[in-house]
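Each chain, written out:
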Amino acid sequence: MPPPSAALYGADTIAEFERAARQRFDEGVSLANDGFYGGAIYLHGYVAEMLLKAAGYKLFGLGATDPVEDQRPIVEEWIAEYVLSSKKKARPHDLDAWARWLIFFRTGILGRPYPSAFSLDLGSNKDVIERVWVPSMRYHQLSSTASDAADVRAAAQWFLTEYPNL
Amino acid sequence: MPVVPQQPVPPVAERERLVEKIARELSREGEQGEPLIFENSIQDTKKFFAIVVWSEWRFIPTRQRASIILEAYQKYDEEHRDDPKGPHLAMASGLTWDEADAKGLFPFSIYPHVRDGVDSQAIHNAMVQEGGIETASGVKLFFASRNSAEAALQRLYARFPEARWTLSERIPSAQDD
Numbered sequence: 004m005p006p007p008s009a010a011l012y013g014a015d016t017i018a019e020f021e022r023a024a025r026q027r028f029d030e031g032v033s034l035a036n037d038g039f040y041g042g043a044i045y046l047h048g049y050v051a052e053m054l055l056k057a058a059g060y061k062l063f064g065l066g067a068t069d070p071v072e073d074q075r076p077i078v079e080e081w082i083a084e085y086v087l088s089s090k091k092k093a094r095p096h097d098l099d100a101w102a103r104w105l106i107f108f109r110t111g112i113l114g115r116p117y118p119s120a121f122s123l124d125l126g127s128n129k130d131v132i133e134r135v136w137v138p139s140m141r142y143h144q145l146s147s148t149a150s151d152a153a154d155v156r157a158a159a160q161w162f163l164t165e166y167p168n169l
Numbered sequence: 003m004p005v006v007p008q009q010p011v012p013p014v015a016e017r018e019r020l021v022e023k024i025a026r027e028l029s030r031e032g033e034q035g036e037p038l039i040f041e042n043s044i045q046d047t048k049k050f051f052a053i054v055v056w057s058e059w060r061f062i063p064t065r066q067r068a069s070i071i072l073e074a075y076q077k078y079d080e081e082h083r084d085d086p087k088g089p090h091l092a093m094a095s096g097l098t099w100d101e102a103d104a105k106g107l108f109p110f111s112i113y114p115h116v117r118d119g120v121d122s123q124a125i126h127n128a129m130v131q132e133g134g135i136e137t138a139s140g141v142k143l144f145f146a147s148r149n150s151a152e153a154a155l156q157r158l159y160a161r162f163p164e165a166r167w168t169l170s171e172r173i174p175s176a177q178d179d
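Chains as they are written, first to last, in my numbering: chain A, 4 to 169; chain B, 3 to 179.
The set of hints was computed from the structure by calculation and includes no laboratory data. Just so it is clear, the structure is predicted and the values come from calculations on it, not from any experiment. We put the CB at the ideal spot given by N, CA and C, even for glycine.
Quick list of simulated restraints, FRET-style, between CB atoms:
#1 A:S139 - B:E80: 37 to 47 Å
#2 B:V130 - A:Y12: 49 to 59 Å
#3 B:S43 - A:G64: 24 to 34 Å
#4 B:A104 - A:I77: 27 to 37 Å
#5 B:D85 - A:Y12: 48 to 58 Å
#6 B:I173 - A:I77: 19 to 29 Å
#7 B:S122 - A:D37: 44 to 54 Å
#8 A:I77 - B:H126: 47 to 57 Å
#9 A:F121 - B:G133: 32 to 42 Å
#10 A:N168 - B:K48: 18 to 28 Å
#11 B:Q156 - A:R25: 51 to 61 Å
Partial pick of chain B residues on the chain A-facing surface, computed with a CB cut under 10 Å:
#12 I44
#13 L72
#14 A92
#15 K105
Let the hints inform the model, and build the full structure from the sequences given.
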């Protein structure tokens, strides 16, 4: 069954993830410039999530406008089987699992591993975001710092810039 | 424009100390203490993911941790030239114990219940001897598997039959939050 958002905004696709990531990034920058650091971090975390997922689905063979919903259960099964080695589904919004999935797929399936420096950068930028970002932060009053917001913004910018190489 | 403070870079000597400590740890397997290093290989390739869990990361900006870990692997390789690991490091994460716990890296943990008549310092010392780590909420024992957690629990009960402990398992939510 398609998710409820499909009726309002159309199907989730790689092309939509790419456009939304750019929009969330710009919105986050505006928030940070006005001193709303928690809101900026919240949106910039999703930039990384959407681009990791877009890159993952692209590697899996989806076209830009194919609905990802059709392949989501299969990809999540693969992540559980090969990346988490637990047979359990990844936690929702698990940046680490998606980053590992990309590295796993490129290395173990396609035989075209990322250059080491690139995959280490991928991990570092993912870690910078995960240290302070969790979707449930929206339920809390936040006292995020300018420093954390700047770090997360730089990491989100890395994902935008390097997305074509993912 | 807001003021954006930059993160400090650890002094060279401090960085070298961290690199040295991890490199030493890479050479010894299966012993207790910090840092704790996980290596997960990618399929049947030589590539692997590394996670280094260590209290000392709390002083080190997240962005600098991977390069410190990589440097440690390169240092390790200097003495293991026949089978170097550094070139195969695909992703390196440095996490404090609290960060690792928050990510669900250790699904099992043990913590004590303080009771009258039980020497809390002795309990504390026993947990540290078992590999317990000081966290914001007191000393905690973390485990990746139920078997190792239960084995530690048995040892603690044998030493302190009058004490009470909780073995807790983190169940990740499958629901979108």
